[in-house]
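Could you fit the two chains together into a complex? Lean on the hints.
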Amino acid sequence: MLTVDHLDVWFGHAPDRVDAVQDAIFTVAQGESFGLVGESGSGKSTILRAIAGLIDTWSGTIEVAGQAVSARRRDRAFYKTVQMVFQDPYASLHPRHSVDAVLSETLRLQGMDDIDRRITRLLSDVGLGSGFRFRYPHQLSGGQRQRVAIARALAAEPRLLLLDEPTSALDVSVQAEILNLLADLRAEHGLTYVMVSHDLAVVGHMCDRLAVMQGGRIVEVMDVQALRQGTARQDYTRQLIAASEGYARA
Amino acid sequence: MTLLSVQNLRVTFPTRQGTFDAVRGVSFDLGRERLGVVGESGSGKSMTGRAILGLVRPPGRVTADRMELEGQSILNLPERRMRKIRGRRISMVMQDPKFSLNPVMTIGDQIVEAYRLHAGGNRAAARQKALDMLAAVQIRDPERVMGAYPHEVSGGMGQRIMIAMMLAPDPEILIADEPTSALDVSVRTEVLNIMDRLVRDRGMGLIFISHDLNLVAQFCDRVLIMYAGRIVETLAARDLHQARHPYTQGLLNSLPRLDAPVDRLPVLERQDAWRDGDMISQSLETEFPGGL
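For the record, the sequence lines run as chains V and G.
All you need for this note's numbering is the position in the first sequence, starting with 1, plus 18.
All you need for this note's numbering is the position in the second sequence, starting with 1, plus 218.
Simulated from the structure, these hints should not be mistaken for lab results.
All of these numbers come straight from a predicted model, not from anything done at the bench.
Worth double-checking, as some hints may not be accurate.
[Claimed, not checked] Where chain G lies over chain V, by a calculated footprint (3+ residues, C-beta under 8 Å):
1) 163-176
2) 195-206
3) 252-261
[Said to hold, decoys possible] Simulated DEER-style distance windows between Cβ atoms:
4) V/ARG91 <-> G/LEU335: 55 to 61 Å
5) V/GLU123 <-> G/THR324: 43 to 49 Å
6) V/PHE29 <-> G/PHE317: 21 to 27 Å
7) V/GLN243 <-> G/SER499: 39 to 45 Å
8) G/ALA337 <-> V/ARG90: 57 to 63 Å
9) G/MET300 <-> V/ASP41: 52 to 58 Å
Glycine included, every Cβ here is placed at the ideal spot set by N, Cα and C.
Next comes chain G alone, as it looks inside the complex (with noise of 0.2 Å):
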């Protein structure tokens, strides 16, 4: 079943130089799915993110064919409509804690105002939801965290945070950028975990934006690979390393690796036909291989 629908999506912003195509002719469908979204810097795989969840600010410009939410359109909806799905049935999780929580707020204070925004109701069944979520995070003493502020709390719980925050609501799609890119890698697998743990209990489509393509691999069911804006391979993540399109295969072979030791990495030499050839794609069987 498909939860978002999105055809030909392009953003650009005016720029001196004339306009800047940021993301160029995105289409994709996600079900109750991991979906990983890959690229380098400037690839538009978080300008993708954004536009969804209706964040790009003029004078940026969003245009699609089609971009539904459950066979709703979502296209450039007046901001007071937007703000019904953002959070509530749309969610975004973004990189860094440390700039995505209020520093002069308790923790408390922050799930229980984004709650109450979203789902109403009084603050003591809000205080008892916000508890919930951080024990569902597995944060050993939401009591404690409740009353902290953030820079009382380390970066990964920070994360699990910003994690219970936005699924307080129960959304249906969590965006998720970069979510573990701060993390140190222990931290990294238990966050992992609560998302993965979150999503499958949930039946919620999660799109994990990220530049780790072994984490993608191992965490995702789906991959889009984007490069200048556009897709340029999809493929079922297992099938990562037998990717075809030589972007995806040069981003592999330059990460360097402890059991192949090399001598010299191989540099990615970019081609001006990536930027508008063809687009690799396995078949339609293969569209949901994880499937909820």
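If we strip away everything but chain V, and leave its shape as in the complex, we get (with noise of 0.2 Å):
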């Protein structure tokens, strides 16, 4: 489903070039579930954001379904196969655009009929009665913000769904629900996920693999398995395993 060979991302000019990311080669099959993990400054939103086609200063091949795509321009098709879901459902959604507006505007943009039965589809499809339809963001709580963004982003029927961290800002009882949300809607629509974290027991949860990212470059690509057993190959990943453990007073 997406394939990432031999890719650099950069931002800004020589002298003062910085490379964020750094020889990514990777592959996520159709129907998988994979994450990107490392701390902040790692480049796993970069590749996120270079594969949504957010960043053109980038160098190497992304495929995604087969079809390479170009740093510069992407074309409809490409948006209807791809969707990104961002971290903060509070900066992701105009604070002045209902849900109904929200909705209908992408659903027009993906040039899709039938927009009405399709707004009260995708709410029921995201745990949203239709009450909400008409709600603006402010009478949303967090979590209901993160539903309307999952309901955009699905709202192009897309294949690949690009996940940002799309729990952080939540609460724990809150994140158990769209983690739900999420696994359903996966196994319901056949979705395939790459999704960026820094919670290793979320990714430990949601994927079916994983690469650990340090200093713009993939460390280690390793199944879940293999995470939740501890026997991880580098030392990197052992030590961010061992921190994210939580505390041990020294």
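In structure tokens, the structure reads:
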């Protein structure tokens, strides 16, 4: 579904050029859920943004559903295949657009017909009743906003969903609801996920395989079994797992 | 020994729909210990911290039967007297150093200003104190950091600078509101170690506000669990995983765990009874289990 090969991403120009991602290589199979983990600044979100077309200063190969994508231009078919859900539902929804406006605008942009029926469907898909349709973001809780953001991503009926820390702005009880929702949607719609998170437990719960990043490079690609059993090959991965287990008094 | 005693603390805000009670009758005593305050957003945990420091602005109202710092009432003091307590005797570290440091002032100037405001003294002595504090929070090159602006340091370093600034006047109580939530896990351990050591060496009382149950269980001595503006359960941190209140249990269960994979995460079913039900509390002998 997704192939990333020798991907370099940079910002700025020499001599101030920052190489945010260097030589990233991984593939994600159809229907798979793939995690990207690492500390802030490790380049995990940058990879996601390069795939989504939000950054154009990259080289290498990105193939989505067998089609190589270009750094500069993406066609409408691309955005029908790939959609993204962002970290902060408080920032990613327009404060003066109602849920109805958000979804109908997206559907119209995607060239969909029968918009009224589709909005009802999308809202019920993400577990919001039709009573939420004419609400504004400030009338929704954080979890409900993230459900709207997920509905907006699903509006294009994508096959690949890019999830950038989808629950890190939410309370743990709400996080559980959103993670369950994402798992259900993946099973129902046969979606492929690429999920960025700093929380290894969340990635362990959601993903089949994951890449561990440090300083712009992928240091290890492993499956979740190895993460659970602590059989990481790289020292850095083992440190990260140990640190994420919590605080041991020095 | 009790540093801070709070009895029946209430914080209310008038709204168009009537008054909103952000904190509804919170009572606790703080000794020389690490006290964790856990709850979800909107549970009133941050508002409790702000009320203690007199940081609730009108039209918000703070009432309590008692709010005493070492026997002296600090409830609704006039701002001029509160300023002598805030920072000097009770300090606060906020969540994100990006928003709590002044972006157009060097770090050195900020620490010196904060220190002289509370302790007085000349610039040279304050500067030396600032250098010592930066060294105490394990900043390797304090001279360089003194001259740097906040945007030139990382998040973890910014948070350590905040801690250095707050601890310079030697407060008796430190209120830390999600001090590590904006930090990476590897930096988090470092910042916690520093706070832990300072609390132990100086015999401070620490109120550690957090939404991270596992972290609080490992870092604190005692935990208060808040729900809808009230404390629903209080227990020794090491017993957190044997919590008896269904809300605490629900929170713990909703966390995904690497060592115990499940297909679906249990979802918390909120019950109206939790809003006003009885508090579950351990007996007095475990009140200060970590006992410094």
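Here is how each hint holds up against the structure:
1. 163-176: Per the Cβ count (0), the hint is violated.
2. 195-206: holds (count 4)
3. 252-261: holds (count 4)
4. V/ARG91 <-> G/LEU335: 55 to 61 Å: Hint holds: Cβ distance 57 Å, inside 55 to 61 Å.
5. V/GLU123 <-> G/THR324: 43 to 49 Å: holds, 46 Å
6. V/PHE29 <-> G/PHE317: 21 to 27 Å: holds, 24 Å
7. V/GLN243 <-> G/SER499: 39 to 45 Å: holds, 42 Å
8. G/ALA337 <-> V/ARG90: 57 to 63 Å: For V/ARG90 against G/ALA337, whose Cβ atoms are near 59 Å apart, the range 57 to 63 Å holds.
9. G/MET300 <-> V/ASP41: 52 to 58 Å: Distance hint for G/MET300, V/ASP41 holds at roughly 56 Å.
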